[in-house]
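Generate the whole structure from the sequences, applying the supplied hints.
Residues per chain, in single letters:
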Amino acid sequence: MREISAKTITEAVAKLCQEANYYLGEDVVKSLEESISKEESPLGISVLKQLLENARIAREEAVPICQDTGSAVVFVEVGQEVHIVDGLLREAIDAGVAKGYIEGYLRASMLSHPLNRKNTGNNTPAIIYTEIVPGNHIKITVVPKGGGGENMSSLKMLKPSDGVEGVKNFVVEAIKQAGSNPCPPLVVGVGIGGTFEQVALLAKKALIRPIFEHSSNPDNAKLEQELLERINNTGIGPQGLGGRTTALWVNVETFPAHIASLPVAININCHACRHKEVIL
Amino acid sequence: MAVYKITPPLTEEVVSLLKAGDEVFITGIIYAARDAAHKKLVDLIKDGKELPFDIKGQIVYYVGPSPAKPGQPIGSAGPTTSERMDAYTPTLLKLGLKGMIGKGFRSKEVKESLVKEKGVYFAAIGGAGALLAKAIKGSRIIAYEELGPETIRELIVEDFPAIVINDVYGNDLYEEGVSKYQK
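Order-wise, the sequence lines are chains V and E. Heads up, the first sequence is in the numbering used here, so the first residue is 31 and it goes up one at a time. Heads up, the second sequence is in the numbering used here, so the first residue is 1196 and it goes up one at a time.
Hints were generated in silico from the structure; no laboratory data involved. Among the hints, a few may not be true.
To be verified - Listed below are several chain V residues computed to face chain E (Cβ distance under 7 angstroms; list not exhaustive):
1. 83
2. 142
3. 144
4. 240
5. 244
6. 248
7. 271
All of these numbers come straight from a predicted model, not from anything done at the bench. From the three backbone atoms N, C-alpha and C, an ideal C-beta is built for every residue, glycine too.
Below is the structure:
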């Protein structure tokens, strides 16, 4: 049994919260650069260049890419040969979020109750998903998720007869409905299959896979390409001002499904598809 | 499409010059207010009470900035989604609010109210909070400090960049832009 202290987890989470918010992923930077050459709208090109300039300032000055530094979504893979000592996992992660957000000048956006709406002041609690995996390590992925894209995300229990066309139509319709709201260009996570609650989680996890890395399942990879093309034909463009670059990338994750069901979920992210991970 | 340098308070004459697609650079004082602050402002109006600032001719910026680092006037400060303020906007326009800066489309009611009350809706680039903060030179809390990032602030801006989305003539840059590039 390998021992990992709660304090180590806290320090790791704090660092990841800050890194994810200051440093735009290299995959996103490369994708924005490539999209400039494909964009037809002059205003769209100007927006894409300003997003790159914004990322440069954030990186060099260690300030957040966006003022909405998100809910702190944390995926934890705990090796079953690991024993967490000197504290509880949940408390260690929340302490890391509080430390990372306060010391890193990140915005506290969490409210203690969705209806009473009082700010907790340190962006806790984190949204935590824990999975037990083989091995003696802990893998922590911090995904700060902003409200703009989250509010435009959607889930539907389709009929199996709706098939792949039904899935595509649902996703493209959600993008059209979202329009300028989630700050396009977008990174789009799509979940298909599983159960009602699981399909949303698949869509969220889809956002963690880097841009330019298609699904290893050839059918999913084909769907990713087809969806990206249809989304970019909507004309929504950078910031919804019209143009070719509505999405930078689409990732699809699937899971087996019930004979009666075809669940589909779309989790929308802005260009700042923030996620940083560490293996302890 | 024209480029204008503007300073609030805005007159009806200036607002009428601005057309969807025009770029503006704003210098002077604007007011930061988002969801919770809007609810409080409209509650004050309902109760017949005075607002924490004179809204006539002013520009409200839908922003909840990240905390300022030591020595900085403000943290990252890009726009938040405007549609959440739609329910409150016609009331504020009626009282003389002239401009709003946010991102994303507005409701039919807001667009009609802009035409009727002579107001303008601007978009700043969503997701460019670090860049936009460069145009903000000062920040002072004027009400509801307890709301944290949703506090009402007076912001001193210099050449703050925005694009006219909805003008007093009923134009909508989002609709025009998308129909142009749709395949």
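Taking the closest Cβ pair, is residue 244/V under 7 angstroms from chain E? With a closest approach of 23 angstroms, the residue 244/V hint is violated.
Against chain E, is residue 248/V within 7 angstroms by beta-carbon distance? 26 angstroms, violated
Under 7 angstroms, Cβ to Cβ, is where residue 240/V needs to be relative to chain E, so tell me if that hint holds or is violated. Violated, because the Cβ-Cβ distance from residue 240/V to chain E comes to roughly 19 angstroms (cut-off 7 angstroms).
Under 7 angstroms, Cβ to Cβ, is where residue 83/V needs to be relative to chain E, so tell me if that hint holds or is violated. 6 angstroms, holds
Are residue 271/V and chain E close enough, Cβ to Cβ, to be under 7 angstroms, as the hint says? 4 angstroms, holds
Interface hint status, residue 142/V versus chain E (Cβ within 7 angstroms): Since chain E brings no Cβ nearer than about 12 angstroms to residue 142/V, farther than 7 angstroms, the hint is violated.
Residue 144/V as an interface hint toward chain E, with CB separation required under 7 angstroms: Nearest chain E Cβ about 13 angstroms off; hint violated.
Consistency note: the structure conflicts with the earlier hints numbered 2, 3, 4, 5 and 6.
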